[in-house]
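Peer 1: Please model the complete structure; the sequences and the hints are all you need to start from.
Here the protein sequences come in this chain order: A and B. Its first residue numbered 1, the first sequence is counted upward by one per residue in the numbering used here. Its first residue numbered 1, the second sequence is counted upward by one per residue in the numbering used here.
Rather than coming from a laboratory, the hints here were simulated on the basis of the structure. Keep in mind that this is a model prediction, so the values were computed, not measured.
Any copy will do: because identical chains look the same in the list, a pair fits if it lies in one copy or spans two.
Straight-line distance between alpha carbons at most 27 Å, and here's what the computed DSSO-like set of lysine-lysine pairs gives:
1) Lys106 with Lys317
2) Lys233 with Lys106
3) Lys317 with Lys41
4) Lys317 with Lys233
5) Lys89 with Lys114
6) Lys364 with Lys267
7) Lys233 with Lys89
8) Lys229 with Lys106
9) Lys114 with Lys160
10) Lys138 with Lys106
11) Lys282 with Lys317
12) Lys106 with Lys89
13) Lys229 with Lys41
14) Lys41 with Lys25
15) Lys114 with Lys233
16) Lys267 with Lys25
17) Lys267 with Lys41
18) Lys233 with Lys41
Protein chains: 2
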Amino acid sequence: MPSQVSSEQILFTRGVPAAEALPNKLLSECMQAALDGPDGKVILQYGHNGGYLPLRTLISEQYAVSPDQVLVGNGSLHLQDIFAGFLLKPGDVVFVEQPSYDRAIKTFRRRGAKVVGIPLDLDGINLTALEQAIAQQKPVFMYVIPDFQNPAGVTTSAEKRQALVDLAERYDFWLIEDVPYRTLRYAGESLPLLRDLNAERVVTVSSYSKLISPGLRVGYLIGPTALVKQLTKLAEETILAPVLPTQAAVVEFHRRGYYASNLEDLKRLYAPRLQAIVQALKTSLPGVPFAEPEGGFFVSVTLPTDFNTTNLLARAKQSGLLLTDGRDFFADPYTANEDPQQGERFVRLPFCALTPEQIQEGVKRLSTLVQS
Amino acid sequence: MPSQVSSEQILFTRGVPAAEALPNKLLSECMQAALDGPDGKVILQYGHNGGYLPLRTLISEQYAVSPDQVLVGNGSLHLQDIFAGFLLKPGDVVFVEQPSYDRAIKTFRRRGAKVVGIPLDLDGINLTALEQAIAQQKPVFMYVIPDFQNPAGVTTSAEKRQALVDLAERYDFWLIEDVPYRTLRYAGESLPLLRDLNAERVVTVSSYSKLISPGLRVGYLIGPTALVKQLTKLAEETILAPVLPTQAAVVEFHRRGYYASNLEDLKRLYAPRLQAIVQALKTSLPGVPFAEPEGGFFVSVTLPTDFNTTNLLARAKQSGLLLTDGRDFFADPYTANEDPQQGERFVRLPFCALTPEQIQEGVKRLSTLVQS
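Peer 2: As structure tokens, then:
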């Protein structure tokens, strides 16, 4: 009903799953099975400080590593906080893609890092800029989201993946690859994980927030055994143990085959929404370049300088369109050779929690605002 | 069957609930109701970053505060980490009772504090020692467990509670009261919370680990609105949001009246165990003084200097008796006017997860070892 859509508020603010995609019935069944099952007492007691062992084992099989290379915690943001707390001393340098996930940038800063943004091209990090930055100051680690990046929607090319691990090896820094969207691929073929190219230099972080439910807060980290052992000790000192019944429910969700069927349901729901936003951008903002992703949650545009982005957030709100401040995704207000207003012209458009009609209407409103 | 007990290993190592006290069936029912109920989508989505609002509201009613004075997180240890991270700069001083909860001591140290142990008498902190310590260096906060203290089993007297808040007010420091055992009172009457005496100086921390289940990791913190607002922001930056389905299950556990009935079940189970350990100590270690608690999880003894505590942990293990190293509970290896070997002679005896027969046998073994 277009008349409804045209009058309602449209939220392009957060990358959240669609409410209709949250599998309440299945999780309820899994939770019951876990609490009534043979491990029922185990998951209500102290213990399993590195995460519920059957879940660590399940994840280790998926990634072809050993369970002691897996740490499961209460969401991947907290695992990022823990490894940042472990690896960083005040004043240390961390590289992120520019733009990048705003909460990760804040976490590294809170842990004392100087966070440097390396410009992200439509096929991944700008390697020239990265090498220039390394020449200036070597990072302790570089944080990247190689698949369907948040916020830009960019997938790093195979060549750039190889270049990243080569640079990490040559200049001795860690790569943190955050891959929560990777499995949500609606078309095309997956490229290798960074850890597939060099497992000794890479820490992989992911979660079930986009694949089952964010409220469960089940995230995990994979890395070399020695590092994971130290991070597990720090996690234990920080939280004792993660919440266990929800982790047991995730295991049960896999055992019953719900993970696979739920993933197919998600793709069926989200793929047309991705098509809708790509089509809407091409129609309403013709000629504005953007990374056209084959999966994930985000498409983003950087509006041309001759578009009207003055006071955009407030004007959008008046038109019933809620946007996130693009500047939040930029570690540096601006870097040399770059447009200082780039963040202001950057618009992230999470599409999964909106219907194709809402997406179309939202992009139309955006287009009217910026071209007026 | 005494013949079985006399040959089995007895674990006086950790303060864990008895396995038979974990309410799997009831929690399974509550979790199902939460996931199938009107907030089912809410608890699987992002949001409620300061904790599931109905739980914050429930706790706020119990403590007669407003919901924005309550922060609910994934276990109280993490909340201690968050307020320590917020309040402390490297080199700041924190006071703890001596002995105190080992993980709290470690957390404050990791956050940069110099942790000073103030001797604990059988009726609470030694006030003379506390005033002397304040005269030397004012703490940012003092961490106390006023009810059925971990590890000593001490309950702070009414007079000493008043003295603590008076000193905090006069010398301008925070009091952190950790009260996870308070509700598990098997005899006698509760004394006021420190926050009842001065709510502006006190942060109250507690959890459902001992009252429902540790694996749920549902802990909370109560303090002045302005402080809780800042801690909530820091919690959000650190973990985004806590795990929500388990918090919703706790709310449902209250709504259905299970909290009250479960608490009565716990008291019925644990009270005879407390009686058993008190009786066993009086019988097997006559004349050794200890705080005789009216609730909680712990009784502890400091063995006289003429007892044989050399290599006690290893000798106990050979006798099938597992003990925790008493030194872990001492922030300072020794303080002036104190016996330097106090930690070595300190034996914590958590009694809730052992049957009266196991308790009797365990104390008998201990007595044989230290009096030989």
